[in-house]
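J.: Each chain, letter by letter, is given below.
Number of protein chains: 2
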Amino acid sequence: MRDIAPLPLSDDDLQALDAHWRAANYLAAGQIHLLANPLPDGSLGPGHIKPRLLGHWGTTPGLNLVYTHLNRVIRARDLDALCIWGPGHGGPAVLANSWLEGTYSETYPDVSRDAEGMARLFRQFSFPGGVPSHVAPETPGSVHEGGELGYSLAHAYGAAFDNPELLVACVIGDGEAETGPLAASWHSNKFLDPVRDGAVLPILHLNGYKIANPAVLARIPEQELDELLRGYGHEPIHVTGECPTTVHRSMALAMDTALDRISLIQRTAREQDVTERPRWPVIVLRTPKGWTGPAEVGGLPVEGTWRSHQIPLPEIHDDPEQLRQLETWLRSYRPGELFDERGRPTAQVLACVPEGARRLGATPHANGGLLLRELPVPALEGHAVPVDKPGTTLHQPTRVLGGLLEEIMEATTGRRDFRVVGPDETASNRLQDLYRATGKAWQAEVLSTDEHLERHGRVMEILSEHTCQGWLEGYLLTGRHGLFSCYEAFVHIIDSMVNQHIKWLRVTRRLPWRRPIASLNYLLTSHVWRQDHNGFSHQDPGFVDHVLNKAPEVVRVYLPPDANTLLAVADHALRSRDYVNVIVAGKQPCFDWLSLDAARAHCARGAGIWDWAGTEDGSREPDVVLACAGDVPTQEVLAAASLLRTHLPELSVRVVNVVDLARLLPGEEHPHGMPDAEYDALFTRDKPVIFAYHGYPWLIHRLAYRRAGHRNLHVRGYKEIGTTTTPFDMVVGNDLDRYRLVMDVIDRVPGLAVRAASVRQLMEDVRLRHHGWIREHGTDLPEVAGWTWTG
Amino acid sequence: MRDIAPLPLSDDDLQALDAHWRAANYLAAGQIHLLANPLPDGSLGPGHIKPRLLGHWGTTPGLNLVYTHLNRVIRARDLDALCIWGPGHGGPAVLANSWLEGTYSETYPDVSRDAEGMARLFRQFSFPGGVPSHVAPETPGSVHEGGELGYSLAHAYGAAFDNPELLVACVIGDGEAETGPLAASWHSNKFLDPVRDGAVLPILHLNGYKIANPAVLARIPEQELDELLRGYGHEPIHVTGECPTTVHRSMALAMDTALDRISLIQRTAREQDVTERPRWPVIVLRTPKGWTGPAEVGGLPVEGTWRSHQIPLPEIHDDPEQLRQLETWLRSYRPGELFDERGRPTAQVLACVPEGARRLGATPHANGGLLLRELPVPALEGHAVPVDKPGTTLHQPTRVLGGLLEEIMEATTGRRDFRVVGPDETASNRLQDLYRATGKAWQAEVLSTDEHLERHGRVMEILSEHTCQGWLEGYLLTGRHGLFSCYEAFVHIIDSMVNQHIKWLRVTRRLPWRRPIASLNYLLTSHVWRQDHNGFSHQDPGFVDHVLNKAPEVVRVYLPPDANTLLAVADHALRSRDYVNVIVAGKQPCFDWLSLDAARAHCARGAGIWDWAGTEDGSREPDVVLACAGDVPTQEVLAAASLLRTHLPELSVRVVNVVDLARLLPGEEHPHGMPDAEYDALFTRDKPVIFAYHGYPWLIHRLAYRRAGHRNLHVRGYKEIGTTTTPFDMVVGNDLDRYRLVMDVIDRVPGLAVRAASVRQLMEDVRLRHHGWIREHGTDLPEVAGWTWTG
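First to last, the sequence lines map onto chains A and B.
Quick note: the first sequence uses my numbering, first residue 1366, plus one each step.
Quick note: the second sequence uses my numbering, first residue 1366, plus one each step.
Hints should not be assumed to be uniformly reliable.
[As the list claims (entries may be wrong)] Each computed SDA-like pair below joins lysine to any residue, with the alpha-carbon atoms no more than 20 angstroms apart:
(1) A:2084 with B:1917
(2) B:2084 with A:2034
(3) B:2084 with A:1754
(4) B:2084 with B:2073
(5) A:2052 with B:2073
(6) A:2084 with A:2099
(7) A:1754 with A:1965
(8) B:2052 with A:2071
(9) B:2052 with B:2042
(10) A:2052 with A:2079
(11) B:2084 with A:1872
(12) B:2084 with A:1494
(13) B:2052 with A:2076
(14) B:2084 with A:2038
(15) B:2084 with A:1918
(16) A:2084 with B:1754
(17) B:2084 with A:2136
(18) B:2084 with A:2036
(19) B:2084 with A:2031
(20) B:2084 with A:1871
(21) B:2084 with B:2099
(22) B:2052 with B:2084
(23) B:2084 with A:2071
(24) B:1754 with B:2042
(25) A:2052 with B:2098
(26) A:2084 with B:2071
(27) A:1754 with A:1954
(28) A:2052 with B:2076
(29) A:2052 with A:2071
(30) A:2084 with B:1660
(31) B:2084 with A:2032
(32) A:2084 with B:2034
(33) B:2084 with A:1910
(34) A:2084 with B:1874
(35) B:1754 with B:2151
(36) B:2052 with B:2037
(37) A:2084 with B:2032
(38) A:2084 with B:2031
(39) B:2052 with B:2115
Keep in mind the hints are simulated off the structure, nothing from the lab.
Remember, predicted model here, so these are calculated numbers, not experimental data.
Given these sequences and hints, build the entire structure.
T.: Listed below in structure tokens is the structure:
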């Protein structure tokens, strides 16, 4: 980044900026309205207007102004810059600007930078078979779809982390600013390292209105707003006006002031080792909603009001006066001065546009796969736990994973392209070995009692799942790697964010120019069955159900039952691309079932028979299948298998463990789905299957309902029964315990009910004894607490 | 509320406050640790300690301080007060205080206010069969479980709306303050009417640490924090210290200053009609985490650090030194001065405690059902649309509902116990008739171009689904009524909040002393099939799946297919208690299918045969069942039925519409579930069922997998395929269109494939023609756009 003194704009510069802005405004209005005749020489006729007007004008001129002025400073300072366009409805603006700078035509050659391409640009917008009305995956230069609103600033910080030479501008609409996720993400500046990270320049765009209401931040006194922004740790710079010339001058000065300040902050931190947290600049841009559009329509004010949010001329198909208004509006930009006879932007329009990859639409940071390097995942052998015999030793699976993550963190010390995020739970989730390789990013005050805080740390902790998710998305989308460790129940907080990320990935996978990025990896732990401290409010295994509703080409769900399977699954997830991987694993001591080799083989299959755990002799199909998915259900199934071995030794029992949940789906429903023949070979077509599942039991039915054996499938899982109690009391309460599973077997294997009545009574008795014991002692029955697998 | 001048505390008052605080601290520490021997006369032995120590000490002494000082001002000023305890882990504090004031024993007589009751109080805490470790539904005086964190302040505002005499204190932990929902909810003060609403007094509790990290707001300079709070529209009052005497004096003064200021604000607004938005006070309470607990353990600092978050003495079972530390700690409160020989609190301890319903644990506002009045839902006849013949007229269902809501809003003008919330979408969702009865609450600046803003309005719009949800929950929990209208896709933003509310209701339904409250009613509109403007990012029908995972006794889902069915469903939902009702309905013009009488009968059944739409003659079972749920699927099914009538008149077709989705479940799975016989009578046991469903198709399988006819059930729905396009293109893209449904019928009715091959080809041809037409014209095929039901 070069520094230049903020000089007043020359008149030529001003004219050029204004020409670019007018061109962008023209192109945006054209996209919203025109089906044909993009540069009308005669009058506009009804046939030139799109039959359905679908787009948002209100935010567009402001975004065009920002794009134009970013162009200027990128050129003047040779900036490496990325912009996050929070007001996602401003699709027409970003499309217009990328067409002007040429990146649109480079990405989509049929939309050439001339009159013919302009006609295509206009027609395709919000038109069936064309492009969406939002800034979207299809938009060059974008890593952020603004549809849902709230995530722009967190995405911007995610992009800036570990990109010390990058400037990330971030336009925040005053509507978006009211959302919780956005409000929380202002404090991201306490986690931004001026030495190793890039800069974020928030541009709060106050155009005053949302869909139908004034925006809160636009209606508090400027002094109060300044207090708020200073309270967030920023220094506000105001740009206010409706006269374009005044606003251009003011905006150019604001940009220069902000960038000089950023440059000074970075030099001070990098060269003089100053560690005081800086006050980063923020630009407050206050311009009218629907600026330069129709001032009044039908006697009502439109420019500067919520009426310009979408289509300022809603009756244009029926009202010739509104058609004339559109014509006047389009002519007001003087397109004849902006485009040559072949419809190409003039040299004056393009004077401010940067070159090559410096263009906002061409930055590789917005197509992160271009920058992505393989993550150095080490050999698992160095972290695996030895397993000579299943079920005799205990490890905390996430603690074991922590060692692997530590090594990755260590190996990326120089590259700095791996981060772990979590809402204050990294150590609680037993990943504390990470702190041997790095600290927790922290730029605020540090006290002598603090531990592991580090100015350059790459573990990110803030008590906001939204901010964690937004940071990580921004980091991944710009070509890096990461993991989000979260309490299982509270990952629902970002249900809607992961929706949007999955949708983004689903679309980018169909765009050849978008290169694959690292997967978004969730480690969900502190799960439903082990909420001893926290009880009912912390019990919810439904995130898996939520993500399995989404695009199957993107979504993967794993439930490793022990430490080595967790390693094998994590190894795969961390190397994968363009997925959302959900890994549910325990942090409490858990029996080790599989050696590393066995774990790898089992995870590669995704589901398989654990023959050491069953009693079938191979001569015929078993009498019953005990299936399990998840660490606690696996333990209960193995304990049940052990009970059956003791009490009903003649029964032929098969144990099936499922790690990769999507394997239960038919092959045509999910890339990991298994063919019917394989399913039948595992689960049989007609034998009773007692399936102990980690989450809501009906999910298993939803996955397996097409299978021949479905009618014999009986699933146990979490039924929203819980409180602060012991682990075993939790499984008893939800009928997932070993004794209940044995009873299920007896109830469902034909002919067994009578023969095994006494065994069933024995099981019932232990459950009854449990109920008494737990209330008396507050601990689990000794035979449960002391249980180990005896084979 | 009485005003009193803030006098310095007398020494007697100070002693009494401190005694109460010490007693609460003693009781809290006792709950966390002691299994027996609550007031040890001799030494504590290992047998007196709970086998599993599960609780959170860190936040507890601060909460005890707040409770104690709220007691003082409630008594002194005869306040009607409620407190929201944001740091939900502080269960021991709120339990201790409600035991001290007597409400605990009144609610749970077996936990008497004496030594025996104290023993029970201690033992039950975080003990199997006892009470959860959080402030929970079981806790007297609580409307807020702090487990998930983020919602305290929005709940507080919800409680304060339309309760002009109520003071709602709200303790916000510095961890919670980092969350998005909390950060957004600070701006609620722009919506609080000093005339018709009560007051909210936020108490930001900075104890410095979360689980393992410092809290952001505790580590920014005080001046920066003040700027932030002023930027939120508050005037901060600081209480800082660790010397109890100093803090008591400072806290008493802060409380008095804040309450005097609130009183002045309210008088000014109410008596002098001053409309300027006031700057409400906020108290910043900065005391050590784990205050008064062990200062050091094993040579490491504990008090004042994150190490006191949960159990300050984690090795107490194995380390006799830690057991001695507990003893010293408990004795430090001098329990002999606080409790008499029978374990009852002394007069000095109780000197600050208010009387009767003024006690925080006894306020009826925290048991809102006590205050709830029937909502005056008017006769539907005044709003129903006339339907002489199905499918010939069009109405916007939500617009029709808006008329009903207007009348309710009007009828509650004096009572003020009904509000409608939504994220800037009330008019977009076509409920604008509400503005004839009330305006949108707004206390910030108003411009001449604004419409419908009103100081005393009861429509609440902020672009934060979290804040809307939090407000409404707080409003309902304190005994009022309301409705949340939301874009269908973005209601996922509050997935985790509705989880917690459903969990709350599930627990309260089992507590006899908790009186039923009004249901939380969602109107989800601007739904997946009609996102013409917004495309893929705005398409997600999965909220229904999410809530159907939760407690069936709480959850209800309705998909009314037209205006009159929406009225009938809304009528039921608005009168209901203790439910979460999810109503999915369209805002676009939709055919009217049922007259009001027919709609009522149909909704009462929840699912039924539309015999006017089918072609069966009653002599035998139909050849095929066309089932539908949702407005767009219903239209496509009826269009398909019409096509079949024309092209395959000999086919016997039954049309079934499902309004109440849970009816598909077995009776043992949901209170609305239907018996198998009824299901079989509707859907047959063996005929093909082609089910057009509004959302993800597998949800229907998940509900119906136990039915005999399940193997013949073929469901069409949303498959995550969408973009900015026309409504019909959306259904074609997802294979839900009428032509595809006819093809499904032909493919699945035995023997029909050959006979109807030409009809099938005809259907295929229209679909092909559609694909060409839409890309050419951007509109739907004329025969689709102009379709009406012809019977």
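J.: All hints are to be evaluated individually against the structure, with a verdict given for each.
T.: To see whether the hints hold, each was checked on the structure:
1. At roughly 10 angstroms between alpha-carbon atoms, residue 2084 of chain A and residue 1917 of chain B fall within 20 angstroms of each other, so this suggested pair holds.
2. A threshold of 20 angstroms between alpha carbons decides the hint, and for residue 2084 of chain B with residue 2034 of chain A the separation of about 11 angstroms falls inside it, so the pair holds.
3. Note on residue 2084 of chain B and residue 1754 of chain A: the hinted pairing is violated, with a Cα-Cα distance of about 45 angstroms set against a maximum of 20 angstroms.
4. Our distance criterion of 20 angstroms between C-alpha atoms is broken by residue 2084 of chain B and residue 2073 of chain B, whose separation comes to about 26 angstroms.
5. For the hint linking residue 2052 of chain A to residue 2073 of chain B, the alpha-carbon distance of about 19 angstroms falls within 20 angstroms, and the restraint holds.
6. Distance hint between residue 2084 of chain A and residue 2099 of chain A is fulfilled; the C-alpha atoms sit about 6 angstroms from each other, no more than 20 angstroms.
7. This hinted pair checks out: residue 1754 of chain A and residue 1965 of chain A have alpha carbons roughly 17 angstroms apart, not beyond 20 angstroms.
8. Taking the CA atoms of residue 2052 of chain B and residue 2071 of chain A, the gap is near 17 angstroms; set against the 20 angstroms cutoff, the hint holds.
9. Taking the CA atoms of residue 2052 of chain B and residue 2042 of chain B, the gap is about 15 angstroms. The hint holds against a cut of 20 angstroms.
10. Under the criterion of a C-alpha separation no larger than 20 angstroms, the hint pairing residue 2052 of chain A with residue 2079 of chain A is consistent with the structure, at around 11 angstroms.
11. For the hint linking residue 2084 of chain B to residue 1872 of chain A, the alpha-carbon distance of about 14 angstroms falls within 20 angstroms, and the restraint holds.
12. Of the supplied pair hints, the one linking residue 2084 of chain B and residue 1494 of chain A holds, its CA atoms being roughly 18 angstroms apart against a limit of 20 angstroms.
13. Between residue 2052 of chain B and residue 2076 of chain A, the direct Cα distance comes to roughly 18 angstroms. Compliance with the 20 angstroms bound is thereby established for this hinted pair.
14. A threshold of 20 angstroms between alpha carbons decides the hint, and for residue 2084 of chain B with residue 2038 of chain A the separation of about 17 angstroms falls inside it, so the pair holds.
15. Annotation: proposed proximity of residue 2084 of chain B to residue 1918 of chain A holds, straight-line Cα distance about 12 angstroms (limit 20 angstroms).
16. With a C-alpha separation of about 45 angstroms, the suggested pairing of residue 2084 of chain A with residue 1754 of chain B is violated against the 20 angstroms cut-off.
17. Restraint check: the Cα-Cα separation between residue 2084 of chain B and residue 2136 of chain A comes to about 45 angstroms, which exceeds 20 angstroms; the hinted pair is violated.
18. Proposed proximity of residue 2084 of chain B and residue 2036 of chain A is supported: the alpha carbons are some 15 angstroms apart, at most 20 angstroms.
19. Between residue 2084 of chain B and residue 2031 of chain A, the direct Cα distance comes to roughly 16 angstroms. Compliance with the 20 angstroms bound is thereby established for this hinted pair.
20. The hinted pair formed by residue 2084 of chain B and residue 1871 of chain A meets the criterion: a straight-line CA distance of about 12 angstroms does not exceed 20 angstroms.
21. Distance restraint check for residue 2084 of chain B and residue 2099 of chain B: the Cα-Cα separation of roughly 6 angstroms lies within the 20 angstroms cut-off, and the hinted pair is therefore satisfied.
22. For the proposed pair residue 2052 of chain B and residue 2084 of chain B, the alpha carbon gap of about 25 angstroms is over 20 angstroms, so the pair is violated.
23. Of the pairs offered as hints, the one joining residue 2084 of chain B and residue 2071 of chain A holds, with about 17 angstroms between alpha carbons and a cut-off of 20 angstroms not exceeded.
24. Among the hinted pairs, residue 1754 of chain B with residue 2042 of chain B is inconsistent with the structure: their alpha-carbon atoms are about 31 angstroms apart, more than 20 angstroms.
25. Annotation: proposed proximity of residue 2052 of chain A to residue 2098 of chain B is violated, straight-line Cα distance about 39 angstroms (limit 20 angstroms).
26. Distance check on the hinted pair: residue 2084 of chain A and residue 2071 of chain B sit about 17 angstroms apart at the alpha-carbon level, within 20 angstroms; holds.
27. Restraint check for residue 1754 of chain A and residue 1954 of chain A: satisfied, since their Cα atoms lie roughly 17 angstroms apart, inside the 20 angstroms limit.
28. Restraint check for residue 2052 of chain A and residue 2076 of chain B: the C-alpha separation of about 18 angstroms stays at or below 20 angstroms, so the hint holds.
29. Taken as a hint, the residue 2052 of chain A and residue 2071 of chain A pair is honoured in the structure, with Cα atoms around 16 angstroms apart against an allowance of 20 angstroms.
30. Our distance criterion of 20 angstroms between C-alpha atoms is broken by residue 2084 of chain A and residue 1660 of chain B, whose separation comes to about 42 angstroms.
31. In summary, the hint linking residue 2084 of chain B to residue 2032 of chain A is supported, as the alpha carbons are separated by about 16 angstroms, within the 20 angstroms threshold.
32. Of the pairs offered as hints, the one joining residue 2084 of chain A and residue 2034 of chain B holds, with about 11 angstroms between alpha carbons and a cut-off of 20 angstroms not exceeded.
33. A threshold of 20 angstroms between alpha carbons decides the hint, and for residue 2084 of chain B with residue 1910 of chain A the separation of about 15 angstroms falls inside it, so the pair holds.
34. For the hint linking residue 2084 of chain A to residue 1874 of chain B, the alpha-carbon distance of about 17 angstroms falls within 20 angstroms, and the restraint holds.
35. Straight-line distance between C-alpha atoms of residue 1754 of chain B and residue 2151 of chain B comes to about 17 angstroms, which keeps the hinted pair within the 20 angstroms bound.
36. Distance check on the hinted pair: residue 2052 of chain B and residue 2037 of chain B sit about 24 angstroms apart at the alpha-carbon level, beyond 20 angstroms; violated.
37. Proximity of residue 2084 of chain A to residue 2032 of chain B is assessed by CA-CA distance (about 16 angstroms); at most 20 angstroms being required, the pair is judged to hold.
38. The suggested pairing of residue 2084 of chain A with residue 2031 of chain B holds, with an alpha-carbon distance near 16 angstroms, which does not exceed 20 angstroms.
39. Between the alpha carbons of residue 2052 of chain B and residue 2115 of chain B the distance comes to roughly 9 angstroms, so the proposed pair stays at or under 20 angstroms and holds.
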